[in-house]
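Counting with our numbering, you get residues 20 to 319 for the letters of the sequence shown.
Quick caveat, the hints were computed from the structure, so don't treat them as lab data. Quick caveat: nothing in here was measured; it's all calculated off a predicted structure. Built from N, CA and C at the ideal position, the CB exists for glycine as well. Be aware that one or more of the hints could be misleading.
[As the list claims (entries may be wrong)] Cβ pair distances, simulated, as ranges:
| hint | residue 1 | residue 2 | range |
| --- | --- | --- | --- |
| 1 | Leu218 | Asp238 | 37 to 45 Å |
| 2 | Leu281 | Asn163 | 45 to 53 Å |
| 3 | Ile30 | Ala277 | 37 to 45 Å |
| 4 | His51 | Gln266 | 23 to 31 Å |
| 5 | Glu72 | Glu42 | 22 to 30 Å |
| 6 | Ile69 | Leu108 | 42 to 50 Å |
| 7 | Ala277 | Asp35 | 24 to 32 Å |
| 8 | Pro106 | Asp221 | 45 to 53 Å |
| 9 | Glu260 | Asp292 | 28 to 36 Å |
| 10 | Glu260 | Glu92 | 18 to 26 Å |
| 11 | Arg135 | Lys265 | 46 to 54 Å |
| 12 | Arg47 | Glu260 | 40 to 48 Å |
| 13 | Glu103 | Ile269 | 51 to 59 Å |
| 14 | Ala96 | Glu260 | 17 to 25 Å |
[Unchecked claim] With a cut-off of at most 27 Å between alpha-carbon atoms, the simulated DSS-like pairs for lysine-lysine come out as follows:
| hint | residue 1 | residue 2 |
| --- | --- | --- |
| 15 | Lys82 | Lys265 |
| 16 | Lys104 | Lys82 |
| 17 | Lys239 | Lys268 |
| 18 | Lys239 | Lys265 |
| 19 | Lys173 | Lys104 |
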Amino acid sequence: MRILVGTLYTIENEFDECVASIERQSYRDFEHLVLRNLGNKEAHESLFNIFVERSGEFDLLVKVDADMVLCSEFLLAAIVERFEKNPVLEHLQIAVHDFFTDQLIMGMNVYRNSVRWDMSAEAVFVESSETIRSTPGRRVRDWNDLAPSAIHCKNPSLLQAFHFGVHKGVKVKEAVSRQMSTRAREHYYNIENTWHHFLRTDDVRLGLAALGGELALQDKFLPEHLDYSNPFVAQVFQSHEQWSNKQIKIAVTRLRLANGGLLPPEARLEYLDIGYARTIARRAVPQRIRSWLIQLLKRS
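Produce the complete structure using the sequences and hints provided.
Shown next as structure tokens:
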């Protein structure tokens, strides 16, 4: 099988390590394509279009983001073996170990050349199942066998960290507004786990990521701000980049309170969607509030 390895690069600190980890692969029948300094939607559309146009040359597209460092020199060989053993498999998602959450998250995508994409109406969830046209049931999520396939954001810059949080917060708000509950929970927990990782380690990059996430949950950022070419996130970041860990903790704690941070996760997502006034106005609210209070008491 011939592989197209696609990397989208803007400001990621890990780019050189990413490239080196690809060049070390034992499986050699691949071409590495790097697309530089494009917006999120434009970059993904360009990569996917190139793969479709050159589908006669390649069997697989392995998307390795510029902030990913491959964990094994045998990863490409293992991916090829996986697709050869399962000829109906079209889309393989492999978990990566994420620096921010200190957990496995879904991150690496591998596509067979039969896959097509429709991104005409999608600017946020550019690699979601909604954009992929493939045969139902032919997508596999791998949390164990090949995972972790890479370390995600092994050494992020301060701006990169802040931007990570903003990205996750915007995705939560967008998913909640579109009633995409699974995606809302996924990205919400990314912010939560980053915050708790910060409290354990005092790594300022984690604090800035948590700060970006909570600001985004307050609608300080919009989907169009996610591109690094848009200066708005960097401008907001500049007013926080010199903050101490203590300042960050105070600010994030206050934001979490305003964002319903004392509520259990499902209740907090509802709060972020409709706001406190509308939440308490719902007919089922007495039972819901009792349930929330019980959960809070159990946690305390």
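* Mind listing which of the numbered hints don't hold for this structure, in increasing order? => Violated hints: 1, 2, 3, 4, 6, 7, 10, 14, 15 and 19; rest satisfied.
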